[in-house]
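Number of protein chains: 2
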Amino acid sequence: MAGGLDSLEKCLERHLPPEELGEVKRILYGNLSRKLALPAAALSAASQRAFELQGCGFGAAPEQLRQPRVVRVGLVQNKIPLPTDTPVAEQVAALHRRIEEIVEVAAMCGVNVICFQEAWTMPFAFCTREKLPWTEFAESAEDGLTTRFCQKLAKKHNMVVVSPILERDDVHGGTLWNTAVVISNSGSVLGKSRKNHIPRIGDFNESTYYMEGNTGHPVFQTQFGRIAVNICFGRHHPLNWLMYSLNGAEIIFNPSATTGELSESLWPIEARNAAIANHCFTCAINRVGTEYYVNAFTSGDGGKAHHDLGYFYGSSYVAAPDGSRTPGLSRTQDGLLVTEVDLNLCRQASDKWSFKMTGRYKMYAEELMKAVQLNFAPNIIKE
Amino acid sequence: MAGGLDSLEKCLERHLPPEELGEVKRILYGNLSRKLALPAAALSAASQRAFELQGCGFGAAPEQLRQPRVVRVGLVQNKIPLPTDTPVAEQVAALHRRIEEIVEVAAMCGVNVICFQEAWTMPFAFCTREKLPWTEFAESAEDGLTTRFCQKLAKKHNMVVVSPILERDDVHGGTLWNTAVVISNSGSVLGKSRKNHIPRIGDFNESTYYMEGNTGHPVFQTQFGRIAVNICFGRHHPLNWLMYSLNGAEIIFNPSATTGELSESLWPIEARNAAIANHCFTCAINRVGTEYYVNAFTSGDGGKAHHDLGYFYGSSYVAAPDGSRTPGLSRTQDGLLVTEVDLNLCRQASDKWSFKMTGRYKMYAEELMKAVQLNFAPNIIKE
Chain A
-1 MAGGLDSLEK
9 CLERHLPPEE
19 LGEVKRILYG
29 NLSRKLALPA
39 AALSAASQRA
49 FELQGCGFGA
59 APEQLRQPRV
69 VRVGLVQNKI
79 PLPTDTPVAE
89 QVAALHRRIE
99 EIVEVAAMCG
109 VNVICFQEAW
119 TMPFAFCTRE
129 KLPWTEFAES
139 AEDGLTTRFC
149 QKLAKKHNMV
159 VVSPILERDD
169 VHGGTLWNTA
179 VVISNSGSVL
189 GKSRKNHIPR
199 IGDFNESTYY
209 MEGNTGHPVF
219 QTQFGRIAVN
229 ICFGRHHPLN
239 WLMYSLNGAE
249 IIFNPSATTG
259 ELSESLWPIE
269 ARNAAIANHC
279 FTCAINRVGT
289 EYYVNAFTSG
299 DGGKAHHDLG
309 YFYGSSYVAA
319 PDGSRTPGLS
329 RTQDGLLVTE
339 VDLNLCRQAS
349 DKWSFKMTGR
359 YKMYAEELMK
369 AVQLNFAPNI
379 IKE
Chain B
-1 MAGGLDSLEK
9 CLERHLPPEE
19 LGEVKRILYG
29 NLSRKLALPA
39 AALSAASQRA
49 FELQGCGFGA
59 APEQLRQPRV
69 VRVGLVQNKI
79 PLPTDTPVAE
89 QVAALHRRIE
99 EIVEVAAMCG
109 VNVICFQEAW
119 TMPFAFCTRE
129 KLPWTEFAES
139 AEDGLTTRFC
149 QKLAKKHNMV
159 VVSPILERDD
169 VHGGTLWNTA
179 VVISNSGSVL
189 GKSRKNHIPR
199 IGDFNESTYY
209 MEGNTGHPVF
219 QTQFGRIAVN
229 ICFGRHHPLN
239 WLMYSLNGAE
249 IIFNPSATTG
259 ELSESLWPIE
269 ARNAAIANHC
279 FTCAINRVGT
289 EYYVNAFTSG
299 DGGKAHHDLG
309 YFYGSSYVAA
319 PDGSRTPGLS
329 RTQDGLLVTE
339 VDLNLCRQAS
349 DKWSFKMTGR
359 YKMYAEELMK
369 AVQLNFAPNI
379 IKE
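Chains A and B are the protein sequences, given in the same order.
Residue 207 in the numbering used here sits at position 209 of the first sequence, with consecutive numbering throughout.
Residue 42 in the numbering used here sits at position 44 of the second sequence, with consecutive numbering throughout.
So here's chain A without its partners, still in its complex pose (with noise of 0.2 Å):
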C-alpha cells in the first residue's frame, strides 16, 4: 500500500547525476535549506527508537534593528503502536510513551516548539462510524490526561507543546470537537483552536461526530514566535490560512491525517502555498502507516467493505515564506523533523513581495459578502 517509494527526495538523489539534481532540486524545492547539525545523542537515541530524525535550517538576511529570531520547530508523524481493538486506555498509554520518547529526542536537539499529529492520542477511527469505543478517547483539552501530560513535556523540556486532540467539552452539552491545544513553554494551557473545515470525502466521515469549530483563527503569542493551528482539512481552503496570517502568526503548524490514493499528489502544492501566500511558515504533519479496524465498513464508491481507511503516506514536511521547504520526512517510518527557522524571513518576505499590501481585503470582503447572499447574480458575460 505505500508503494515504491521510501521518499521522493531519496529516489532522486540515487539516480538523477549531481549537477541535473542541483536544478531539479531547485526547480522543486526553491533556495536549499541547509542541513542542520544535530547531537551525535540524539541520533543514535532515534536509531535505538526506530524513527528517522531530519534535521534543516533556514536562514534570513540579517537586519540593523532587529536580532534574528532563530527557533527550532519539531513535526512528529508516527504509527499507532498497539492495535485499535485493545483497550483504549492501553492505546493511549502507549501513545503517550511513544510520544514521550521522541519528545525527549527533540528536547536533545533543542527544538521549542513541537507539533503532534492530528487526534494524536488515537487511532483516525472516524472512518468506521462507529461511536464506541472510538468517542471515549475523547478528552478535555483544559485539563484532560493527555493535556496534563503534554503540560509536564512542556515543562520538563522547555518547550511550547501543540497537541492536536479529540475533544469532549463537557461545559457545552458535552459535545466533541477536532481540537489543537496550544501549551506554552511554562507548562500552562495557552489556549485551543479547533478544526474549522471538516471533511465529507470519502472515508473521512468526521462530520459524523463533530461540527465546524467556533474558535475562530486564534494566534498564540509564545516566547519563540506567534504560532497557530490549522487542523487537516483546512489546508484545502487558503482563506482558513489567510486569517491565521491576518491575526500575524509567523508559523501555521497543520496537523493532519490524510491517505494516498486520495491526496498524496496534493500535499506538497497546498501548505506550502500558504507559506508563499502569507509570508510564513507551515509545517504539514502526516499519519503513518495503515491502521485495521475489526469491524469491515464501505466507503459510499459501490466497493466491497474492508478493514482500513488507506496508508498514510508520513511525508511531513515545513516551507518557508520564500517558497523554499525542507526534503519530506519517510513515507514509511515513524520521524521527527527538526528546523531550524529565523522568524525575520516572515517580514522579510512581505517586504519583498508584498502580497499583503496588494491584497485588496476590502475588495474582497465586499466581493465575497456579496456572493454568499441567495440573491448573488454571478458576474458572466455573455455574447
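All the given hints hold, so there is nothing to weed out.
Since copy identity is lost for identical chains, a pair holds within one copy or between any two.
Below, computed lysine-lysine pairings styled on BS3-like, alpha-carbon distance capped at 27 Å:
1. 360 / 350
2. 77 / 129
3. 380 / 354
4. 350 / 368
5. 77 / 302
6. 350 / 33
7. 23 / 8
8. 302 / 350
9. 33 / 23
10. 154 / 77
11. 129 / 350
12. 150 / 380
13. 129 / 302
14. 368 / 354
15. 154 / 380
16. 380 / 153
Hints were generated in silico from the structure; no laboratory data involved.
Knowing the structure of chain A, use the given hints to seat chain B on it.
For chain B alone, coordinates are given in the frame of chain A:
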C-alpha cells in the same frame, strides 16, 4: 541564464528507472494526463516553425444526464522575435506574424480556446521605467490593431482568443491598463478583464505604468465553457482565483511574465493550488527567453546597472481540478501546449471534495471586513 535543464520532466525521464519514474510522477503530478495524439501535419508545421508542440488530455467520469463537455485549450509561450530597439510597429508586426503561425497549428490541432502570454505584443519593458517608446505599444482593447487582428483569427479558426495586451483607455483620460481582451469564436469582442494585483518587486516596476484593475472578476460564457483571466501577479493571491471561481469560471487562464531567479520554485505551486482549491482548470503561461534593452537600469538591490530583466523560463502548464497537471512546456523554446479537458471534471471534483460547500465564506467575509478596519485588533492570545 536558463540553467542546465531543458525541462524538469525530460530530466526525470532520462534518469529514473521506469517503476520509480511512475511513482515519482504520481506524487509530483497526480493522475497522469494522457498523451494526446496530434495530426502529423501539425507536428511537422510546428517543427518547421521552430516551436515545441505538446498534447495532453484529462478525462472525467461518464454521467447520465450530461454529455462529456470536451474542449481543447491552447497555451502559447514565445520569445520576442525582434530586438527591443526595433521600431515599435515592426516589433508588433513580427509578433502578429509569429502568433499567426502558431495559431494556425493550434487550429490544425482542434484548439477551441487559445491564450497568449501577458502583454504579448511587446517586450516586457516595464523594468526600464522609461515611458517612451514602451507606452506606444498600448492599444484600445475594443478596436485596436491587435484586437482586430485577433478577431480575424478567432473568426477564421472558430476559436475563442484570449489576448493580453497593454491597454490604452482613451475614454478614461488615456490611462494605461494591463488587460486581457476576450474574443468570441464568432469574432466579436466579448469583453475585457484587467490585472487585479500589480507587483512591486525586483524589476517588475509595473506600478509605474498602470494601476490595479477595476473590472472585478468577470467570467466569460463562451461556446466552449465559462472562462476567466487572472493576469500574472494575481496568481499569488488566492482570493483572486476564488472570486473568478465563485463567479462560475471552469477554466482560469494565467498569462504571466516571470523570471527564474525570482519565482521558478513558486511556479509549479500557485496555479496548481488554485485548480485544487477552486475545482477548476488553471492554465499557467509564461514568457520564454531573455529580453535586452539598450539603456541599462538598476534593480534596487545595490547591484550594477544591467540590460535585462532576467530569464523567462517558459514551463507553461495546465492544472486540473483533481490535483493533476500536464508536464510543462520547455524552459527555453517557444511552444504550444494543447490540452483536451472534459469540463465535467470540475463539478465532479467539487462534489467529491466539497471545498465550496465547506468554505464558510460568510464567516470569512465578516472576518476580512474586520481585518481591514483601522482599529482592527488581531486575535492574539498571550499567557
